[in-house]
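So the sequence lines, in the order shown, correspond to chains A and B. Those letters in the first sequence? Residues 1 to 288, by the numbering used here. Those letters in the second sequence? Residues 1 to 288, by the numbering used here.
These are calculated hints, taken from the structure and not from any lab test. This one's a predicted model, so the numbers in the text were calculated from it and none came from an experiment. A portion of the hints provided could be inaccurate.
[What the hints assert, rightly or not] Some but not every residue of chain B turned toward chain A, in silico, with C-beta under 7 Å:
hint, residue
1, Leu-258
2, Val-259
3, Leu-268
4, Leu-281
5, Glu-284
6, Ala-285
7, Val-286
8, Trp-287
[Said to hold, decoys possible] Straight-line alpha carbon distances no greater than 35 Å define the calculated DSBU-like cross-link-like pairs of lysine-lysine that follow:
hint, chain 1, residue 1, chain 2, residue 2
9, A, Lys-187, B, Lys-243
10, B, Lys-243, A, Lys-68
11, B, Lys-187, A, Lys-243
12, A, Lys-66, B, Lys-68
13, A, Lys-187, B, Lys-187
14, A, Lys-72, B, Lys-68
15, A, Lys-68, B, Lys-72
16, B, Lys-187, A, Lys-68
17, B, Lys-68, B, Lys-187
18, A, Lys-72, B, Lys-187
19, A, Lys-66, A, Lys-243
20, B, Lys-243, B, Lys-187
21, A, Lys-66, B, Lys-72
22, A, Lys-72, B, Lys-243
23, A, Lys-68, B, Lys-68
24, B, Lys-72, B, Lys-187
25, A, Lys-243, B, Lys-243
26, A, Lys-243, A, Lys-72
27, A, Lys-187, B, Lys-72
28, B, Lys-68, A, Lys-243
29, B, Lys-68, B, Lys-243
30, A, Lys-72, A, Lys-187
31, A, Lys-66, B, Lys-187
32, A, Lys-66, B, Lys-66
Just so it is clear, CB atoms sit at the ideal spot from N, CA and C, and this is done for glycine as well.
Protein chains: 2
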Amino acid sequence: MSDWTPYSERARDWFEALRDAICAEFEAIEREAGSDAAFDYAPWQRATVDGESGGETGGGTRGLMKGKVFEKVGVNVSTVRGALSPDFAASINGASAQQNAFSATGISLVAPMANPHVPAVHMNTRFLTTTKAWFGGGADLNPPIPYAQDTDEFHAALREACDAHGPDYYERFKAWADDYFYIPHRKVHRGVGGIFYDHLECGDEAAWEANFAFTQDVGRAFLSVFPQLVRRRMGLAFTPAEKLTQLEYRGRYAEFNLVYDRGTLFGLRTGGNIDAILMSLPPEAVWS
Amino acid sequence: MSDWTPYSERARDWFEALRDAICAEFEAIEREAGSDAAFDYAPWQRATVDGESGGETGGGTRGLMKGKVFEKVGVNVSTVRGALSPDFAASINGASAQQNAFSATGISLVAPMANPHVPAVHMNTRFLTTTKAWFGGGADLNPPIPYAQDTDEFHAALREACDAHGPDYYERFKAWADDYFYIPHRKVHRGVGGIFYDHLECGDEAAWEANFAFTQDVGRAFLSVFPQLVRRRMGLAFTPAEKLTQLEYRGRYAEFNLVYDRGTLFGLRTGGNIDAILMSLPPEAVWS
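With the hints as extra help, turn the sequences into a complete structure.
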């Protein structure tokens with residue numbers, strides 16, 4: 001393939017449609033809880049020649065809602081293209097100092113919840129091109145107070161999406177999430193896992209269609225299962241001790257994101273948009 | 001010098017005496033505020049052969065007080081010796097894979113305050129030996145709501161300690177703090193600075209005495225000036241907006257410590273004592 005542009009556009013259109021569906025569903029949950037909270041959308045543009053990143057153009061929309069159920073939820077869709085800095089290009093799949101053109105489009109979502117019985121969640125899927133083209137993404141559940149039923153349903157939904165596209169996808173991508181979302185200094189996982197995948201390469205158009213269909217199904221699985229978990233738990237009463245458990249749990253989440261998360265560190269060190277990068281940090285956290 | 005042990009012991013005795021004086025003063029401040037908060041002291045021992053650190057023995061005491069004025073204050077004195085792992089030894093002053101014996105004794109203090117008008121503070125001084133021996137340390141002020149008077153007095157106290165020991169100390173060590181306590185991704189300093197010094201080498205006993213005297217004076221300067229700033233501001237009323245300013249300011253502090261602070265990252269990555277390492281994180285932080 002010499003030009004993935006029409007495919008990037010289809011991926012972007014999907015990420016935007018998925019964003020719209022998720023945000024509508026989250027706002028519906030807020031209304032069920034008696035709140036009229038709604039997403040604010042802040043478009044951003046990047047059209048600079050940045051010495052560190054090598055220069056890129058594009059932009060996206062950052063959606064943010066602070067509600068009664070969703071203490072803070074951010075949903076970003078971004079679509080950028082440009083040239084990777086020569087040093088950095090060497091570390092990127094399919095890129096080099098000589099061939100450093102790239103494009104990226106993706107959706108990312110982080111939702112820390114008000115009620116400690118409701119699991120927090122993270123979901124991200126993306127399509128990237130260099131001289132190669134690939135999809136990546138995943139979703140993981142972060143319950144301050146874990147319920148086996150919620151964990152099982154979350155995994156079951158992702159398993160169904162995986163099983164429809166590759167017999168080994170679920171085992172591989174679940175193991176990848178377990179490996180990735182781990183906090184070595186505390187010897188604990190960040191949450192109860194999910195799936196993580198990357199470099200799902202598109203050697204030709206048929207492979208792109210297959211990988212795109214899988215990525216769409218991951219998004220649909222997220223949209224089918226997470227609101228159900230929220231609705232199940234959002235009405236539960238909680239104690240100050242349970243709220244404290246949640247705030248301490250969020251401290252671990254912040255530790256993971258600031259010390260280990262590759263996306264966060266890459267963003268911080270290459271002068272990315274701070275608000276978008278640090279959207280992943282919790283609204284409030286405690287270290288007792 | 002072939003054996004710095006008696007000198008390490010003198011340094012350790014000083015760090016413990018300084019700790020006792022600081023804790024007594026902080027408890028006195030709590031009593032003036034009508035609180036009977038007091039430090040809890042938790043001794044810890046390390047006598048393991050740790051695959052990553054190469055093996056060390058020793059221990060220390062972690063003092064912790066949660067009070068009315070001091071929302072949370074930790075004061076650690078630790079004294080350890082052993083063998084650096086060969087890989088790590090190569091990066092340490094005076095050590096190598098072949099000569100990897102080390103000893104370290106030091107005091108570290110972090111004090112996030114309840115009232116946003118009262119500056120938070122960090123202070124740390126230490127004596128280390130490998131085939132070389134040196135002092136290091138510093139102190140920096142972190143006011144969520146800065147007052148020029150407080151900043152000036154803090155710097156003046158440190159300048160006085162510096163000027164008594166080296167004509168260029170204050171300028172050098174202040175610049176070092178400005179360079180070190182900087183958050184590149186936000187393009188802001190962590191606080192209003194102070195001093196930072198390292199590798200203040202002790203080529204002979206006379207140099208040790210001089211550097212020890214300086215390090216003592218840094219501790220005395222801290223003890224003379226910080227309580228005065230606390231007493232000046234601790235009675236001021238503050239608004240919810242000012243408290244929020246403080247909690248957001250602490251978010252930046254946590255970002256600095258988790259993304260950039262060399263001591264924190266070294267500790268986390270070499271399996272150090274998590275409670276002691278992460279004592280530097282705020283009791284509560286907000287990302288709005």
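Going down the list of hints, with the structure as the test:
1. Leu-258: holds, 4 Å
2. Val-259: Given a least distance of 5 Å, the restraint on Val-259(B) holds.
3. Leu-268: holds, 4 Å
4. Leu-281: This interface hint holds because 4 Å falls under the 7 Å limit.
5. Glu-284: holds, 5 Å
6. Ala-285: Holds. Min distance 5 Å.
7. Val-286: With a closest approach of 5 Å, the Val-286(B) hint holds.
8. Trp-287: Trp-287(B) check passes; min Cβ-Cβ to chain A is 4 Å, inside 7 Å.
9. Lys-187(A) <-> Lys-243(B): holds, 33 Å
10. Lys-243(B) <-> Lys-68(A): holds, 22 Å
11. Lys-187(B) <-> Lys-243(A): Holds - the C-alpha atoms of Lys-243(A) and Lys-187(B) are around 33 Å apart, at most 35 Å.
12. Lys-66(A) <-> Lys-68(B): Holds - the C-alpha atoms of Lys-68(B) and Lys-66(A) are around 31 Å apart, at most 35 Å.
13. Lys-187(A) <-> Lys-187(B): With a Cα-Cα distance of about 33 Å, the restraint between Lys-187(A) and Lys-187(B) holds, given a limit of 35 Å.
14. Lys-72(A) <-> Lys-68(B): This hinted pair holds, its Cα atoms lying about 30 Å apart.
15. Lys-68(A) <-> Lys-72(B): holds, 30 Å
16. Lys-187(B) <-> Lys-68(A): Holds, at about 33 Å.
17. Lys-68(B) <-> Lys-187(B): holds, 33 Å
18. Lys-72(A) <-> Lys-187(B): holds, 25 Å
19. Lys-66(A) <-> Lys-243(A): Status holds; Cα separation ~17 Å.
20. Lys-243(B) <-> Lys-187(B): holds, 23 Å
21. Lys-66(A) <-> Lys-72(B): holds, 29 Å
22. Lys-72(A) <-> Lys-243(B): Answer holds: Lys-72(A) to Lys-243(B) is near 19 Å, not above 35 Å.
23. Lys-68(A) <-> Lys-68(B): Satisfied, since the Cα-Cα distance of roughly 31 Å is no more than 35 Å.
24. Lys-72(B) <-> Lys-187(B): holds, 28 Å
25. Lys-243(A) <-> Lys-243(B): holds, 20 Å
26. Lys-243(A) <-> Lys-72(A): Holds, because 15 Å separates the two Cα atoms, which is no more than 35 Å.
27. Lys-187(A) <-> Lys-72(B): holds, 25 Å
28. Lys-68(B) <-> Lys-243(A): Holds, because 22 Å separates the two Cα atoms, which is no more than 35 Å.
29. Lys-68(B) <-> Lys-243(B): Judged against 35 Å, a Cα distance of about 15 Å means the pair holds.
30. Lys-72(A) <-> Lys-187(A): holds, 28 Å
31. Lys-66(A) <-> Lys-187(B): holds, 27 Å
32. Lys-66(A) <-> Lys-66(B): Holds, at about 31 Å.
Hint check: no violations occur; every hint is consistent with the structure.
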